[in-house]
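A.B. asks: Let the hints inform the model, and build the full structure from the sequences given.
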Amino acid sequence: MKTLFDKVWDAHVVERIENGPEILYIDQHLIHEVTSPQAFNELAERDIPLFRPKQVIATADHNTPTLNQHLPVQDVLSRKQLQQLSENCQKHDIALYELGHEHNGIVHVMAPELGITQPGMTLVCGDSHTSTHGAFGAIAFGIGTSQVAQVFASQCLLLQKPKSMRITVNGSLKPGVLPKDVILYIISEIGTDAGTGYFCEYAGSVFEKMSMEGRMTVCNMSIEMGARGGIIAPDATTFAYVKGRKFAPTGDDFDNKVSYWKTLASDPEAIFDKEYTFDAEDIAPMITYGTNPGMGIKLSETIPMKKDASFQKSLAYMNLEAGSRLIDHPINYVFIGSCTNSRIEDFRVAAAYVAGKQKAPNVTAWLVPGSKQVEAQIEEEGLRQVFEDAGFQLRQPGCSACLAMNDDKIPQGEYCVSTSNRNFEGRQGQGARTLLASPLVAAATAIEGKIVDITKQYN
Amino acid sequence: MEKLVRITDTAVPLDIENVDTDQIIPARFLKATDKNGFGDNLFRDWRFQKDGSLNSAFVLNDPAYQGNILVAGNNFGCGSSREHAAWALVGYGFRVVISSFFADIFKGNALNNGLLPVQVSPEFLAALLQRITATPDTKITIDLEAQTLSVADHSAVTTFNIDPYKKTCLLHGYDDIDFLLSKKNAIEAFEQQRTYV
Ligand code: SF4
Chain A
805 MKTLFDKVWD AHVVERIENG PEILYIDQHL IHEVTSPQAF NELAERDIPL FRPKQVIATA
865 DHNTPTLNQH LPVQDVLSRK QLQQLSENCQ KHDIALYELG HEHNGIVHVM APELGITQPG
925 MTLVCGDSHT STHGAFGAIA FGIGTSQVAQ VFASQCLLLQ KPKSMRITVN GSLKPGVLPK
985 DVILYIISEI GTDAGTGYFC EYAGSVFEKM SMEGRMTVCN MSIEMGARGG IIAPDATTFA
1045 YVKGRKFAPT GDDFDNKVSY WKTLASDPEA IFDKEYTFDA EDIAPMITYG TNPGMGIKLS
1105 ETIPMKKDAS FQKSLAYMNL EAGSRLIDHP INYVFIGSCT NSRIEDFRVA AAYVAGKQKA
1165 PNVTAWLVPG SKQVEAQIEE EGLRQVFEDA GFQLRQPGCS ACLAMNDDKI PQGEYCVSTS
1225 NRNFEGRQGQ GARTLLASPL VAAATAIEGK IVDITKQYN
Chain B
6 MEKLVRITDT AVPLDIENVD TDQIIPARFL KATDKNGFGD NLFRDWRFQK DGSLNSAFVL
66 NDPAYQGNIL VAGNNFGCGS SREHAAWALV GYGFRVVISS FFADIFKGNA LNNGLLPVQV
126 SPEFLAALLQ RITATPDTKI TIDLEAQTLS VADHSAVTTF NIDPYKKTCL LHGYDDIDFL
186 LSKKNAIEAF EQQRTYV
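Those protein sequences? They're chains A and B, same order as listed.
With the numbering used here, letter number 137 in the first sequence gets 941, and the count goes up by one each step, no holes.
With the numbering used here, letter number 4 in the second sequence gets 9, and the count goes up by one each step, no holes.
Just so you know, nobody snuck in bad clues.
Quick list of in silico lysine-lysine cross-link-like pairs, DSS-like style, CA-CA up to 30 Å:
no.	chain 1	residue 1	chain 2	residue 2
1	A	Lys1254	B	Lys55
2	B	Lys36	A	Lys1117
3	A	Lys858	B	Lys189
4	B	Lys55	A	Lys1117
5	A	Lys806	B	Lys189
6	B	Lys188	A	Lys967
7	B	Lys172	A	Lys965
8	B	Lys40	A	Lys965
9	B	Lys40	A	Lys1213
10	B	Lys172	A	Lys967
11	B	Lys55	A	Lys1110
12	A	Lys1061	B	Lys188
13	B	Lys36	A	Lys895
14	B	Lys40	A	Lys884
15	A	Lys1213	B	Lys55
16	A	Lys884	B	Lys36
17	A	Lys1111	B	Lys55
18	B	Lys189	A	Lys1061
19	A	Lys858	B	Lys188
20	B	Lys188	A	Lys965
21	A	Lys806	B	Lys188
22	B	Lys40	A	Lys895
23	B	Lys189	A	Lys967
24	A	Lys1078	B	Lys172
25	A	Lys965	B	Lys8
26	A	Lys1061	A	Lys811
27	B	Lys40	A	Lys858
28	B	Lys188	A	Lys895
29	A	Lys884	B	Lys55
30	B	Lys189	A	Lys811
31	B	Lys189	A	Lys895
32	A	Lys858	B	Lys36
33	A	Lys811	B	Lys188
34	A	Lys1213	B	Lys36
FYI, nobody ran anything at the bench for these hints, they're computed from the structure.
C.D. replies: Listed below in structure tokens is the structure:
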């Protein structure tokens, strides 16, 4: 009896080393400018050719400006890093979607929308949120730069098979509760290290009913509970999403693959090393108050009281008080973007809320699409006008204020309600204070200029 | 990769839990395209004040605490997959990090760069942190061959686990690429008979 994860993993094992790791074959390798240069250097220094260039695809996303992308990049170091990516890709014959290219975007947004990500495959990238692609029933996980070099050299990795865990959520989500709330709720319940050493399957009617984009949001944050990755059984929703995309299989090939993909779901009697079960009715719109993604509460709740030093340090950084509520807390920055929530559905949700309203005067609201394709969809669906009328600033695709490597930084001491995935100290800029939430909560915050309980509007 | 067999040194106590990779090396320092120089920015925002001056309250800046062993709170290295975190620790001069828990990706990155993560029980860690904080010249010995950690002439000893394959790599100073390249034939054969595509 095998789990979904077992089936995909076992199909990719080249060899098991006695008393050691397994050699796992990698189908698809995605790279970006920040974690690849040292791996390319490694190849050069050791005089090793790139083994399977056709299985590598590159994009520029982490270190790119989100304004004036048609002009040369201003920051010298960033420009150099991007240049090096272009040179390396050229030298090794790797497809590169550089800045401005119609396929450019955040690696975890562009690959699924191009049909590069497919069920049953193994996919890696030098970025921890590679877990996103697990939404397709693929084994996808982040790797370090040494491992990037290993995949360059051999299309394989040496790995210990992780343990298996399953999170089941059944029932119907209440109005205003988005996939982001589901994963923030789960992490707040089980903690940021509950998944360490595990690969996590999400199951139950909530995920079965969820769109592919929602599933990506959930799998994206698997790493935030310590898991190497998340995975969801491919089903009709998955196949319909993949079909017709640029790199998706076509004709008979597609049908044959679907027949195979249908066999991947966990066997009913499969045993997981660890299981959690939640009830959809218990989930409400969430927000974080601390400096790790597990420090989340429902909008209507108060910040818990805890004595330990890490907790206190975290609240001191956030300048928030234990026992207090976040409702009505003034907010000056709102960021809707990142590989967690920068897909078209996220902007539709935000636009639907924002339409006909005005952002509060104190708020700077940045909208950063995850890819050129999402940007084009925003344009086509007329959402740009909605956002601009409301006073939001629509920028160009990239990671942007999610990690603040470029100029998109939240100023020292300011609060930002962000749809990204990490609220670590300084993540969005030195001294910046991040509160993670769904695109709906973020949009409402921008309109009100403070945190509001959106659930009131749904009752 | 540098060999690591046995190390005896004093240690630096970093009594903070959930130290994430954004703290170990903030994102704004990730623009470099080689592996050098990251040590200078290790724990940048804790080591330095906003104006660039040294934060004397931070333990790495306390001259009492020296050595190439870092002892840190639970769940060290969580967050992003940036290997720069391992390069920063190695660049600064650390060879061993002791904690009661390590994030997966960080652990792998550390081992790939000759930095040994030693996982001990929460109780052992608490006692160790207390001891080295109070007595900074306490010597710690890590014996990779025997997989033991002993404190000041064996007054406290514990064993630790390490993947046997990774252990061999560290003891001999060779890495995964060398190994994978030696498996080229098996990999090519696998590609020929892949059953899942
Ligand atoms: S958007 Fe943020 S989390 Fe996603 S890949 Fe970019 S930096 Fe990483």
